[in-house]
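Residue numbers (the numbering used here), protein chains in the order written: chain A, 1 to 175; chain B, 176 to 952.
Any given hint could be a false lead.
[Claimed, not checked] Across the chosen pairs, the derived CB separations fall in these ranges:
1) Lys325(B) / Glu97(A): 39 to 47 angstroms
2) Asp37(A) / Ser409(B): 42 to 50 angstroms
3) Thr60(A) / Gln356(B): 35 to 43 angstroms
No wet-lab data here; the hints were simulated from the structure. Beta carbons are placed, not taken as given, at the ideal position from N, Cα and C, and that holds for glycine.
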Amino acid sequence: MASTAIPRLTSPLPIRGATHTIHVTINDVPFEFAVEDRTLLVHFLRDALGMTGTHIGCDTTHCGACTVLLDDRPVKSCTVLAVQVDGRKVRTVEGLEVGGKLNPVQEGFAAEHGLQCGYCTPGMMMTSVALLAKNPNPSEDEIRHAISGNLCRCTGYMNIVKAIQHAAKASGGGK
Amino acid sequence: MTIHGGIGQSLARKEDARFIRGKGNYVDDIQLPGMLYIDFTRSPYAHAKITAIHPENALKVPGVLAVITGKDLDAAKLAWMPTLMSDTQMVLPIDTVKFQGQEVVAIVAENRYAAADGAAAMEIDYDPLPVVIDPFKALQPDSPLVRPDKPKKSNHIWHWEVGDKAGTDALLAKSDVVVHQDFYIPRLNVSSIETCGCVASFDAMGRLTMYMTTQAPHAIRTVFALVSGLPEQSIRVISPDIGGGFGGKVPVYPGYVVAIVAALKTGHPVKWVETRMNNLMSSSFARDYHITADIGATKDGKLTGLKVKTIADHGYADAAANPSKFPAGLFHIITGSYPFEKAFVEVDGVYTNKPPGGIAYRCSFRVTEAAYTIERLVDEVAHKIGMDPAELRLKNFIPPEAFPYHSALGWTYDSGNYAGALNLAMKMVDYPGLRREQAEKRKQGEFMGIGISSFTEIVGAGPSAQFDILGLKMFESCEIRIHPTGKVMARFGTKSQGQGHETTYAQILATELGLPAESISIEEGDTDTAPYGLGTYASRSTPTAGAAAVIAARKIRDKAQKIAAHLLEVSPEDLEWKDYKFQVKGVPEKSKTMADVAFAAYTNPAPGTEAGLEAVDYYDPPNMTFPFGSYICVVDIDKGTGQVHIRRFVAVDDCGTIINPMVVEGQIHGGLTMGLAPAMYEQITYDAGGNIHGSSFLDYLVPTAVEAPHWETGKTTTPSPHHPIGAKGVGESPTVGAPAAIVNAIVDALSPLGVTSIDIPVYPWKVWQILHDKGVA
Numbered sequence: 001m002a003s004t005a006i007p008r009l010t011s012p013l014p015i016r017g018a019t020h021t022i023h024v025t026i027n028d029v030p031f032e033f034a035v036e037d038r039t040l041l042v043h044f045l046r047d048a049l050g051m052t053g054t055h056i057g058c059d060t061t062h063c064g065a066c067t068v069l070l071d072d073r074p075v076k077s078c079t080v081l082a083v084q085v086d087g088r089k090v091r092t093v094e095g096l097e098v099g100g101k102l103n104p105v106q107e108g109f110a111a112e113h114g115l116q117c118g119y120c121t122p123g124m125m126m127t128s129v130a131l132l133a134k135n136p137n138p139s140e141d142e143i144r145h146a147i148s149g150n151l152c153r154c155t156g157y158m159n160i161v162k163a164i165q166h167a168a169k170a171s172g173g174g175k
Numbered sequence: 176m177t178i179h180g181g182i183g184q185s186l187a188r189k190e191d192a193r194f195i196r197g198k199g200n201y202v203d204d205i206q207l208p209g210m211l212y213i214d215f216t217r218s219p220y221a222h223a224k225i226t227a228i229h230p231e232n233a234l235k236v237p238g239v240l241a242v243i244t245g246k247d248l249d250a251a252k253l254a255w256m257p258t259l260m261s262d263t264q265m266v267l268p269i270d271t272v273k274f275q276g277q278e279v280v281a282i283v284a285e286n287r288y289a290a291a292d293g294a295a296a297m298e299i300d301y302d303p304l305p306v307v308i309d310p311f312k313a314l315q316p317d318s319p320l321v322r323p324d325k326p327k328k329s330n331h332i333w334h335w336e337v338g339d340k341a342g343t344d345a346l347l348a349k350s351d352v353v354v355h356q357d358f359y360i361p362r363l364n365v366s367s368i369e370t371c372g373c374v375a376s377f378d379a380m381g382r383l384t385m386y387m388t389t390q391a392p393h394a395i396r397t398v399f400a401l402v403s404g405l406p407e408q409s410i411r412v413i414s415p416d417i418g419g420g421f422g423g424k425v426p427v428y429p430g431y432v433v434a435i436v437a438a439l440k441t442g443h444p445v446k447w448v449e450t451r452m453n454n455l456m457s458s459s460f461a462r463d464y465h466i467t468a469d470i471g472a473t474k475d476g477k478l479t480g481l482k483v484k485t486i487a488d489h490g491y492a493d494a495a496a497n498p499s500k501f502p503a504g505l506f507h508i509i510t511g512s513y514p515f516e517k518a519f520v521e522v523d524g525v526y527t528n529k530p531p532g533g534i535a536y537r538c539s540f541r542v543t544e545a546a547y548t549i550e551r552l553v554d555e556v557a558h559k560i561g562m563d564p565a566e567l568r569l570k571n572f573i574p575p576e577a578f579p580y581h582s583a584l585g586w587t588y589d590s591g592n593y594a595g596a597l598n599l600a601m602k603m604v605d606y607p608g609l610r611r612e613q614a615e616k617r618k619q620g621e622f623m624g625i626g627i628s629s630f631t632e633i634v635g636a637g638p639s640a641q642f643d644i645l646g647l648k649m650f651e652s653c654e655i656r657i658h659p660t661g662k663v664m665a666r667f668g669t670k671s672q673g674q675g676h677e678t679t680y681a682q683i684l685a686t687e688l689g690l691p692a693e694s695i696s697i698e699e700g701d702t703d704t705a706p707y708g709l710g711t712y713a714s715r716s717t718p719t720a721g722a723a724a725v726i727a728a729r730k731i732r733d734k735a736q737k738i739a740a741h742l743l744e745v746s747p748e749d750l751e752w753k754d755y756k757f758q759v760k761g762v763p764e765k766s767k768t769m770a771d772v773a774f775a776a777y778t779n780p781a782p783g784t785e786a787g788l789e790a791v792d793y794y795d796p797p798n799m800t801f802p803f804g805s806y807i808c809v810v811d812i813d814k815g816t817g818q819v820h821i822r823r824f825v826a827v828d829d830c831g832t833i834i835n836p837m838v839v840e841g842q843i844h845g846g847l848t849m850g851l852a853p854a855m856y857e858q859i860t861y862d863a864g865g866n867i868h869g870s871s872f873l874d875y876l877v878p879t880a881v882e883a884p885h886w887e888t889g890k891t892t893t894p895s896p897h898h899p900i901g902a903k904g905v906g907e908s909p910t911v912g913a914p915a916a917i918v919n920a921i922v923d924a925l926s927p928l929g930v931t932s933i934d935i936p937v938y939p940w941k942v943w944q945i946l947h948d949k950g951v952a
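Looking at chain A on its own, in the form it has when it is part of the complex:
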């Protein structure tokens, strides 16, 4: 769903320090932005772009609520500077549903009750998408290790495991 026009946004984060111009493709749409050196990717996504589906749960890269895909690999966007994504592709939870069709992981989380408060869910789903891209048939143990960088306080992880298994099955894999 690439667009030829390059939207240029002015950041509502007041820019006071040195800035850089970055080119980044977010959810298949190319953008050009001016960003301050120290702006974290998560704040850039949330505060500048209003893409609030990516959440913040800690300051130390432990909870994983801010997980996005950077060039298809899961990263914690609270520990990535916005300038570091220059020339790269970012996918957020807002980019999982394509053309009105939910990603199988989204369907799995809803079908298996893989979420309760919903706060860890976007990060958890991004990690799950990356896992299934690499390993379409993960075992329960592999799933548990893959999501061990994402904390959930509500579900006890059981139904998250089931949700990912559901998505694996729907995508043609699954054990």
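Following the hints, complete the assembly by docking chain B onto the known chain A.
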């Protein structure tokens, strides 16, 4: 005949449609034009005099607009605020800080980075004061005084007791066996993945809209009105989507109050959102109970008396979130599932130089502390007299025919079948087989343990005669409006934080109104529109608001029956509500649905009845509900490392009538994981100088998917006789019941070495130390 989405169905959750798309609306997602941010400079000391505040460098930081100190707040009489326990705590200190990490000066800035820069640039001079961290030392006469502002010149806050002290002593003295145990239930933080935060915004008319992470929006509105003097109708509290609560979002925190002051001062909306470090350092803690207990029994295993003494460390203020009449919460549920003849419990609250609190951690007020104590004690009685712990429990349980059961400490249990739950758990786990395996393993020198916990919960606060918070009775509310097209909007005084109210309340109403769940929308969390309620915590939503929903729906049915009679040209008494319709008795083909009636209510109301189809109910529960369950945990211990591996964990819960089995099971999984956490991973500790040991998730070990076992669940159903649909509530039962099952399994595994206790959290090094001391590792 069933109605789509009615009670008992595993209906997919309505709220998920937005959450799976990243379209939830949490407090930090709210952006208002011209919004400013606050951050705090915090105290590096646990106890110190503030000698000077130098804001000059902070104010030079680009983007910093203002600073707010305790003295600024004092001018408006806002430097102190009441806690929910009628104690006082600081919003910002005027002259003395009381714990490390305490908010000292607020920085108001254009964005969160500038606010953080300003907080770092703030210069504050301190004169350190003596610190007391240990509550037992705090009770010594030579201890530093934490609260010299109080008339009582002591760190002792209150004494609370219940039961028959002399009778219990006498009974214990003549018991064949008395087991004594000391338990420390460590300080915990609920660590919802969303921290606390708010956006405070005044309109041109001086009306405050407060978006905040609160589990109790109405009570908060009243507290704000009383503290600030703003007219209550000029305050609108909106609790949007909440990223987990677990009790941590019940209290009022300084950040909320300062955001309101900053919004007033600047004329801009102001956002405050805690960092995780701030949250772990200064938001309300849970637990921190030092318990010493004696339990008596006959030599053939009949339990006799129970005596418990507890020191409750409250930090520098009693900021617990208990019902006002219960300073130690519902700790006197501690007789658990057993018919003690006599019992006595006393608790003393103590001030120390630690953050204030005493909130729940996904548990009804202090119930985990109680359940852990009794379930550990019962196991140790079994070990001491050489009886199987399952057999001892089955021998002692309050029998089903004894309900309603009056406990030695004053509760009236509504219903229970404790043996039913334990027998099912034993069957699911193959208990006799496990014991045989364990005997074999012991011969080989292996450490395998089996632990049971047969807990009794107490939830659904609560009956107005006993339960209030700051005088507000703990009723709960539901308002239903049925629109002409048969679609429903229902609003509640509770507030979901992940419990799935948008789905489960709709299911209750679907069954009661005879309309499909998809025709029913649920709204909560906006005090301008929702009826007044006390909020969601302590597993109270289903027992209280769930009942209000039923009663409000039945009020609607009463009116609807008159309208249906008018439409069918019969008298209301000729109709019966059957198969989700009003049917003429004996003539079932003559009937009207609720949707027919709804249309008529606005287009063709019965003569003499008001137009419209609405009802509201404020439900005052006649009693608490008493969910229960039996859990069995199986562990294997690595002799080389002391690592405990949970091989199996079977949880049989009985929460009465189940509204949505999928949601209930999900809550059980989550609750079990929050029961595992304090048993094996989480605690907050301080050094003697009051420095917090670890204020990040690097040190505070929230279990991940790797630590959490593959939970196995089962259920029995014993409805509550006093709840209109027999429901009891479940969200916290597993948190209450799980820790004892895990620790009982670990102690059981180590019992051949003579081990009778181990401190939680059970880290591998503690187990290794025991194995090493006994010459095993």
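Against the structure, the hints:
no.: 1; hint: Lys325(B) / Glu97(A): 39 to 47 angstroms; result: violated (57 angstroms)
no.: 2; hint: Asp37(A) / Ser409(B): 42 to 50 angstroms; result: holds (43 angstroms)
no.: 3; hint: Thr60(A) / Gln356(B): 35 to 43 angstroms; result: holds (37 angstroms)
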